[in-house]
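Undergrad: Residue strings, one per chain:
Number of protein chains: 2
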Amino acid sequence: MDWIAVDWGTSNLRAWAMGPDGPLAEATSDDGMGRLKSDQFEPALLRLITPWLTASNTQVLACGMVGARQGWRESPYRAVPCTPLDATGILHVATADPRITFHIAPGLSQDRPADVMRGEETQVAGVLALHMGFDGVICHPGTHSKWVQVSAGEVVGFQTSMTGELFALLSTQSVLRHGLTEGWDDAAFDVGVADALQSPEKIASRLFALRAEFLLHGLTPAAARARLSGLLIGIELAGAKPYWLGQRVILVGAPALAANYTRALTAHGLTPETLDATACTLAGLSSLYTRMQQ
Amino acid sequence: MDWIAVDWGTSNLRAWAMGPDGPLAEATSDDGMGRLKSDQFEPALLRLITPWLTASNTQVLACGMVGARQGWRESPYRAVPCTPLDATGILHVATADPRITFHIAPGLSQDRPADVMRGEETQVAGVLALHMGFDGVICHPGTHSKWVQVSAGEVVGFQTSMTGELFALLSTQSVLRHGLTEGWDDAAFDVGVADALQSPEKIASRLFALRAEFLLHGLTPAAARARLSGLLIGIELAGAKPYWLGQRVILVGAPALAANYTRALTAHGLTPETLDATACTLAGLSSLYTRMQQ
Numbered sequence: 001m002d003w004i005a006v007d008w009g010t011s012n013l014r015a016w017a018m019g020p021d022g023p024l025a026e027a028t029s030d031d032g033m034g035r036l037k038s039d040q041f042e043p044a045l046l047r048l049i050t051p052w053l054t055a056s057n058t059q060v061l062a063c064g065m066v067g068a069r070q071g072w073r074e075s076p077y078r079a080v081p082c083t084p085l086d087a088t089g090i091l092h093v094a095t096a097d098p099r100i101t102f103h104i105a106p107g108l109s110q111d112r113p114a115d116v117m118r119g120e121e122t123q124v125a126g127v128l129a130l131h132m133g134f135d136g137v138i139c140h141p142g143t144h145s146k147w148v149q150v151s152a153g154e155v156v157g158f159q160t161s162m163t164g165e166l167f168a169l170l171s172t173q174s175v176l177r178h179g180l181t182e183g184w185d186d187a188a189f190d191v192g193v194a195d196a197l198q199s200p201e202k203i204a205s206r207l208f209a210l211r212a213e214f215l216l217h218g219l220t221p222a223a224a225r226a227r228l229s230g231l232l233i234g235i236e237l238a239g240a241k242p243y244w245l246g247q248r249v250i251l252v253g254a255p256a257l258a259a260n261y262t263r264a265l266t267a268h269g270l271t272p273e274t275l276d277a278t279a280c281t282l283a284g285l286s287s288l289y290t291r292m293q294q
Numbered sequence: 001m002d003w004i005a006v007d008w009g010t011s012n013l014r015a016w017a018m019g020p021d022g023p024l025a026e027a028t029s030d031d032g033m034g035r036l037k038s039d040q041f042e043p044a045l046l047r048l049i050t051p052w053l054t055a056s057n058t059q060v061l062a063c064g065m066v067g068a069r070q071g072w073r074e075s076p077y078r079a080v081p082c083t084p085l086d087a088t089g090i091l092h093v094a095t096a097d098p099r100i101t102f103h104i105a106p107g108l109s110q111d112r113p114a115d116v117m118r119g120e121e122t123q124v125a126g127v128l129a130l131h132m133g134f135d136g137v138i139c140h141p142g143t144h145s146k147w148v149q150v151s152a153g154e155v156v157g158f159q160t161s162m163t164g165e166l167f168a169l170l171s172t173q174s175v176l177r178h179g180l181t182e183g184w185d186d187a188a189f190d191v192g193v194a195d196a197l198q199s200p201e202k203i204a205s206r207l208f209a210l211r212a213e214f215l216l217h218g219l220t221p222a223a224a225r226a227r228l229s230g231l232l233i234g235i236e237l238a239g240a241k242p243y244w245l246g247q248r249v250i251l252v253g254a255p256a257l258a259a260n261y262t263r264a265l266t267a268h269g270l271t272p273e274t275l276d277a278t279a280c281t282l283a284g285l286s287s288l289y290t291r292m293q294q
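Chains X and A are the protein sequences, given in the same order. Quick note: the first sequence uses our numbering, first residue 1, plus one each step. Quick note: the second sequence uses our numbering, first residue 1, plus one each step.
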């Protein structure tokens with residue numbers, strides 16, 4: 001093992017023992033940033049990676065919410081336009097355990113419209129490592145979906161939508177929750193995407209219509225669930241149209257979610273390529289590690 | 001006392017002892033529909049109104065979610081276009097206690113776009129009782145805000161937006177909750193309304209921008225809270241524009257909330273009149289009671 005790569009998000013902590021050709025082993029826990037106080041980060045990390053450590057010092061490179069204000073240590077954002085990931089912005093965090101040297105990759109900020117990211121910048125660097133010279137748009141679907149415009153190796157601008165968080169809140173906490181317990185219906189998803197793109201101003205009434213159609217017309221849970229997802233992805237696409245219209249788009253995300261975005265974008269004339277989010281994270285951290293050794 | 005008026009919503013139960021000239025006494029509890037099983041409705045009502053009952057039978061007229069599928073007894077919707085409230089649609093519910101005769105006013109449904117209401121139809125009837133011959137649009141701001149078009153004494157159509165519920169979810173359950181704990185800022189509210197009306201398709205990214213501006217530019221909780229409210233009321237107004245543009249509008253709602261809607265509508269050239277929601281509910285139930293005696 002040469003070094004350790006860490007993806008430390010709000011909900012999960014993932015670590016990889018990295019050899020010269022890529023990951024040798026993986027370890028995961030639910031010690032996400034959201035449940036840790038600042039003095040609990042090092043113990044949480046050591047619980048996961050101790051089996052990989054030796055007497056000599058090991059470099060650990062982390063990205064994600066670990067560098068947020070509520071994280072282990074705040075790593076200041078780098079302001080776009082800039083390269084997605086750069087050795088100069090790396091934050092060293094002193095550890096009690098001498099066997100590791102811990103670094104956090106900084107996130108990116110955009111002044112106006114105000115926006116921030118932590119973690120996706122590493123995936124963008126990974127896309128650039130995997131696709132040398134990529135110019136175009138990268139979409140990261142998720143809790144806070146991001147559209148990132150990349151040109152000449154730099155992040156030019158980006159836009160975040162609360163799509164995944166809105167879906168979670170509406171499907172589990174709102175009046176809609178009774179009517180969309182489970183299942184999926186592709187046709188209903190397509191209707192939701194098309195409706196939201198065609199008349200985005202009606203989003204708040206189309207959401208309530210899911211409840212009304214359940215009461216009046218027996219809308220099935222599968223159709224309601226898929227239409228809700230379609231409406232929310234559709235309103236995201238409506239707001240991000242300047243990002244994707246006529247552009248080369250790469251989706252970076254979990255397969256099922258990326259498949260929904262592919263379906264929605266394909267219906268509007270795009271042929272997006274999908275890359276695995278973990279592969280991009282590791283490619284990004286690896287390229288950073290390489291640069292830090294130079 | 002001639003009869004008892006009841007407004008039975010999801011969260012609260014309110015009853016009024018009604019004399020020939022209006023309410024003589026009021027009683028309130030938190031025994032809303034949402035916390036009662038079907039056999040708990042009559043005891044909850046009796047706990048509230050027993051002091052008013054005599055040996056002779058008293059008529060009780062109720063509106064609201066008490067008539068929903070999860071209520072005391074489901075009162076079928078009446079389909080628009082129709083009068084807001086009509087003695088022919090009233091549901092009699094047998095009670096164990098012989099001192100009361102209990103009736104539920106039915107809600108209204110709209111086939112396409114699918115929509116439903118329970119309670120607002122009584123307020124619409126109240127507006128028509130207070131403003132004989134009113135033609136125009138009635139807005140009921142709230143958890144599920146409603147815009148109702150009234151013409152020639154009938155409800156022609158209506159549209160519900162999840163505005164209040166979205167505000168509650170986003171301000172207490174989402175990532176935004178840390179940044180908008182309290183306070184209010186009129187200018188920030190105006191910006192939110194204007195932004196949402198001007199580019200409704202950006203709503204999901206403008207929501208996340210509240211978080212980013214908190215992190216990057218120190219957006220105050222008061223400004224964030226007011227802007228969130230403005231964005232959500234703005235997207236409702238954008239979707240309801242065919243209802244209010246160039247129309248005579250009456251707002252029926254709680255004073256503080258109605259004041260926000262007045263501010264937003266006034267900025268867009270309207271001069272809405274506001275009526276108190278309770279006064280409208282009582283006027284609606286009273287007109288129904290009168291018709292049932294004929």
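Careful, some of the hints might be misleading.
Put simply, identical chains are the same to the list, so a pair is met inside one copy or across any two.
Claimed, not checked - In silico SDA-like pairs for lysine to any residue, Cα to Cα no more than 25 Å straight-line:
hint: 1; residue 1: K241; residue 2: G183
hint: 2; residue 1: K37; residue 2: S199
hint: 3; residue 1: K37; residue 2: L216
hint: 4; residue 1: K37; residue 2: P221
hint: 5; residue 1: K37; residue 2: R177
hint: 6; residue 1: K37; residue 2: Q173
hint: 7; residue 1: K37; residue 2: V175
hint: 8; residue 1: K241; residue 2: A55
hint: 9; residue 1: K241; residue 2: A27
hint: 10; residue 1: K241; residue 2: S199
hint: 11; residue 1: K37; residue 2: T290
hint: 12; residue 1: K37; residue 2: Q247
Simulated from the structure, these hints should not be mistaken for laboratory data.
Undergrad: Now tell me if each hint is right for this structure.
TA: Evaluation of the provided hints:
For a Cα distance limit of 25 Å, the shortest separation of K241 from G183 qualifies neither inside one copy, at 29 Å, nor across copies, at 34 Å. Neither within a single protomer nor between protomers do K37 and S199 lie at most 25 Å apart by alpha-carbon distance, with minima of 44 Å and 40 Å respectively. Taking the shortest Cα distances, K37 and L216 sit within 25 Å of each other only across copies (22 Å), while inside one copy they are farther apart (48 Å). In this assembly of identical chains, K37 and P221 lie within 25 Å of each other by CA distance solely across copies; the values are 24 Å between and 39 Å within a copy.
With identical chains, the CA atoms of K37 and R177 are at most 25 Å apart between copies only, with a shortest distance of 19 Å across copies and 32 Å within one. Taking the shortest Cα distances, K37 and Q173 sit within 25 Å of each other only across copies (20 Å), while inside one copy they are farther apart (27 Å). Taking the shortest alpha-carbon separations for K37 and V175, only the inter-copy value of 18 Å comes in at or below 25 Å, while the best intra-copy value is 34 Å. Taking the shortest Cα distances, K241 and A55 never come within 25 Å of each other, neither inside one copy (53 Å) nor across copies (69 Å).
When the C-alpha separation of K241 and A27 is checked against a cutoff of 25 Å, the pair qualifies neither within a copy, at 38 Å, nor between copies, at 53 Å. In the homo-oligomer, the alpha carbons of K241 and S199 lie at most 25 Å apart both inside one protomer (14 Å) and across protomers (12 Å), since each shortest distance falls under that limit. Taking the shortest alpha-carbon separations for K37 and T290, neither the intra-copy value of 31 Å nor the inter-copy value of 64 Å comes in at or below 25 Å. Proximity of K37 to Q247 under the C-alpha cut-off of 25 Å is found in neither arrangement, the shortest distances being 42 Å within a copy and 55 Å between copies.
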